[in-house]
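> Line by line, the protein sequences give chains A and B.
All the letters of the first sequence, read from the start, carry residue numbers 1 to 267 under the UniProt record's numbering.
All the letters of the second sequence, read from the start, carry residue numbers 1 to 267 under the UniProt record's numbering.
Accuracy of the hints is not assured; some may be wrong.
Copies of the same chain look alike in the list, so a pair counts if it fits in one copy or across any two.
[What the hints assert, rightly or not] Computed cross-link-like contacts, DSS-like style, restricted to lysine-lysine with a CA-CA straight-line distance of at most 25 Å: (1) K9 x K158; (2) K247 x K56; (3) K158 x K6; (4) K86 x K60; (5) K247 x K144; (6) K63 x K6; (7) K144 x K158; (8) K86 x K158; (9) K247 x K63; (10) K201 x K60.
These aren't lab readings, by the way, just hints derived from the structure by calculation.
From a predicted model like this one, the values you see are computed outputs, not experimental measurements.
Number of protein chains: 2
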Amino acid sequence: MSWLEKPVKALLLDISGVLRDGDQAIVGSLEAFQRLQEIGIPFRLVTNETQVTVQKTVEKLSKLGFTSISPSLIFAPAPAVATFLKETLSRAFLLVHPNVLPEFDGIETSDPNCVVVGDAAEHFNYSRLNEAFRVLLRLREENKEMQLYSLGKGKYYKEEDGLCLDLGPFTAALEYATGADARIFGKPNPVFFHAAVQDMKMSPDEVVMIGDDILGDVGGAQRAGLRGVLVRTGKFRISDENHATVKPDGIVDNLLQAVNLIMSHYN
Amino acid sequence: MSWLEKPVKALLLDISGVLRDGDQAIVGSLEAFQRLQEIGIPFRLVTNETQVTVQKTVEKLSKLGFTSISPSLIFAPAPAVATFLKETLSRAFLLVHPNVLPEFDGIETSDPNCVVVGDAAEHFNYSRLNEAFRVLLRLREENKEMQLYSLGKGKYYKEEDGLCLDLGPFTAALEYATGADARIFGKPNPVFFHAAVQDMKMSPDEVVMIGDDILGDVGGAQRAGLRGVLVRTGKFRISDENHATVKPDGIVDNLLQAVNLIMSHYN
Chain A
1 MSWLEKPVKA
11 LLLDISGVLR
21 DGDQAIVGSL
31 EAFQRLQEIG
41 IPFRLVTNET
51 QVTVQKTVEK
61 LSKLGFTSIS
71 PSLIFAPAPA
81 VATFLKETLS
91 RAFLLVHPNV
101 LPEFDGIETS
111 DPNCVVVGDA
121 AEHFNYSRLN
131 EAFRVLLRLR
141 EENKEMQLYS
151 LGKGKYYKEE
161 DGLCLDLGPF
171 TAALEYATGA
181 DARIFGKPNP
191 VFFHAAVQDM
201 KMSPDEVVMI
211 GDDILGDVGG
221 AQRAGLRGVL
231 VRTGKFRISD
241 ENHATVKPDG
251 IVDNLLQAVN
261 LIMSHYN
Chain B
1 MSWLEKPVKA
11 LLLDISGVLR
21 DGDQAIVGSL
31 EAFQRLQEIG
41 IPFRLVTNET
51 QVTVQKTVEK
61 LSKLGFTSIS
71 PSLIFAPAPA
81 VATFLKETLS
91 RAFLLVHPNV
101 LPEFDGIETS
111 DPNCVVVGDA
121 AEHFNYSRLN
131 EAFRVLLRLR
141 EENKEMQLYS
151 LGKGKYYKEE
161 DGLCLDLGPF
171 TAALEYATGA
181 DARIFGKPNP
191 VFFHAAVQDM
201 KMSPDEVVMI
211 GDDILGDVGG
221 AQRAGLRGVL
231 VRTGKFRISD
241 ENHATVKPDG
251 IVDNLLQAVN
261 LIMSHYN
């Protein structure tokens with residue numbers, strides 16, 4: 001069954017690999033975005049980007065031509081976990097990129113009782129990983145729960161110079177070393193998709209997620225009850241079209257093709 | 001049943017945490033080692049140490065007072081994998097500590113068709129991990145097997161300044177990122193224990209392994225058909241005495257107590 005047979009009442013869009021690729025707008029994505037706004041279909045941007053703040057993401061998109069995106073349209077894991085940390089009065093060891101630290105303003109970091117893993121990229125080093133490991137092991141030895149929070153579970157993403165390890169492998173390393181079981185904020189956690197869906201006052205089966213990550217975007221959306229459409233941009237690999245466990249509801253060359261299909265199907 | 005009820009015809013000893021702790025001989029271990037040599041019980045040293053060469057390990061032990069240990073008594077994963085790489089004409093990306101590179105003399109490193117993970121410690125950084133990741137992903141895209149060789153699967157070990165991540169978590173990170181299934185050289189691979197046992201012309205059930213790693217030493221030895229005795233030195237933690245999956249054949253305060261028990265039982 002085509003992903004277009006049921007009404008597409010709203011969209012969730014990934015940012016990296018769908019709207020932009022590094023510092024470039026993906027071919028057709030500006031036009032696609034323009035059309036989405038013209039037809040007035042509700043959308044939210046759901047990103048596992050954790051190297052920068054949401055405010056910075058808005059600014060970067062604006063520079064590429066994606067104007068009029070307010071921060072409230074963007075769902076990202078760092079603000080979600082920061083809210084959770086405040087609600088639970090947690091003290092966090094933040095294994096995150098320095099650029100995203102402003103999202104954690106006001107979080108206590110002394111005597112940590114949890115570890116938060118973001119995409120620290122080149123700031124993942126042996127010394128910092130050891131520190132995070134020791135926090136978890138200390139909790140275990142104190143017979144406390146090893147609270148390990150991960151801002152996603154992505155395996156890798158695309159940068160200008162090639163594919164790069166995402167935060168997932170580093171979370172897996174800490175899980176292997178300690179036996180902790182990470183709690184995932186962000187995609188593919190259904191809670192994350194549902195927050196964005198509910199924000200549009202939709203139900204999951206009315207919404208289509210469009211992304212370049214076969215597991216995090218497509219598989220995650222499907223498990224949350226949405227349709228998942230894969231784009232052949234960003235980190236897409238030919239092998240994703242015959243993935244062992246995830247079968248996309250649709251595959252399109254890029255966002256523009258997806259938007260054109262939606263428009264031609266409903267107009 | 002006590003681990004002493006069946007004859008103890010030979011021993012395998014871990015080095016770090018049994019003979020020495022960092023740059024110190026463990027209390028009683030020099031005396032224990034002396035007695036072992038006096039009673040003439042055959043032994044081999046089986047170590048997952050991959051930060052230095054076997055030659056350097058011999059020199060370090062000698063400085064601590066463990067003299068008359070020839071390199072041929074030491075079983076370590078790096079020489080084992082180097083031999084394997086030569087036999088299979090492999091070209092390796094070596095994610096290892098610079099100090100152990102001499103073991104890999106003569107191994108081709110250009111256009112790699114495999115990745116070798118050793119305990120690179122502070123040389124585990126984002127850039128090197130990305131390089132290793134890209135080698136594996138290239139192999140996958142060329143429909144070749146992702147050859148990932150790991151010099152052990154230890155979770156952590158003890159250094160002067162505290163517990164440190166071992167190579168296992170970094171191997172787990174690469175497995176998570178790529179889907180590769182690492183082949184383990186060194187403990188707890190039964191092949192590794194058996195090589196040392198056969199070198200003494202013994203059968204596994206005649207040999208006792210003494211180590212401070214509940215999984216790698218004790219559990220590994222037991223799966224290889226040996227008895228596994230845990231020492232309360234090195235990285236031993238109280239919680240190891242009630243481990244969820246591994247029940248040691250014996251637990252002793254240190255190597256000296258183990259040797260004294262053997263001597264009193266058979267004299």
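> Each of the hints needs a verdict: does it hold here or not?
Quick rundown of the hints versus the structure:
With identical chains, the CA atoms of K9 and K158 are never at most 25 Å apart, being 30 Å at best within one copy and 57 Å at best between copies. For the identical chains of this complex, K247 and K56 are neighbours neither inside a copy (33 Å) nor across copies (53 Å), given an alpha-carbon limit of 25 Å. Taking the shortest Cα distances, K158 and K6 never come within 25 Å of each other, neither inside one copy (32 Å) nor across copies (58 Å). In this assembly of identical chains, the alpha carbons of K86 and K60 never lie at most 25 Å apart, being 28 Å within a copy and 50 Å across copies at closest.
For a Cα distance limit of 25 Å, the shortest separation of K247 from K144 across copies, 24 Å, qualifies, whereas the shortest one inside one copy, 40 Å, does not. Taking the shortest alpha-carbon separations for K63 and K6, neither the intra-copy value of 35 Å nor the inter-copy value of 76 Å comes in at or below 25 Å. For a Cα distance limit of 25 Å, the shortest separation of K144 from K158 across copies, 22 Å, qualifies, whereas the shortest one inside one copy, 37 Å, does not. Taking CA atoms no more than 25 Å apart as the test, K86 paired with K158 passes in neither setting, with 32 Å inside one copy and 34 Å between copies.
Neither within a single protomer nor between protomers do K247 and K63 lie at most 25 Å apart by alpha-carbon distance, with minima of 35 Å and 61 Å respectively. For a Cα distance limit of 25 Å, the shortest separation of K201 from K60 qualifies neither inside one copy, at 28 Å, nor across copies, at 68 Å.
Checked against the numbered hints above, the structure breaks hints 1, 2, 3, 4, 6, 8, 9, 10 and satisfies the rest.
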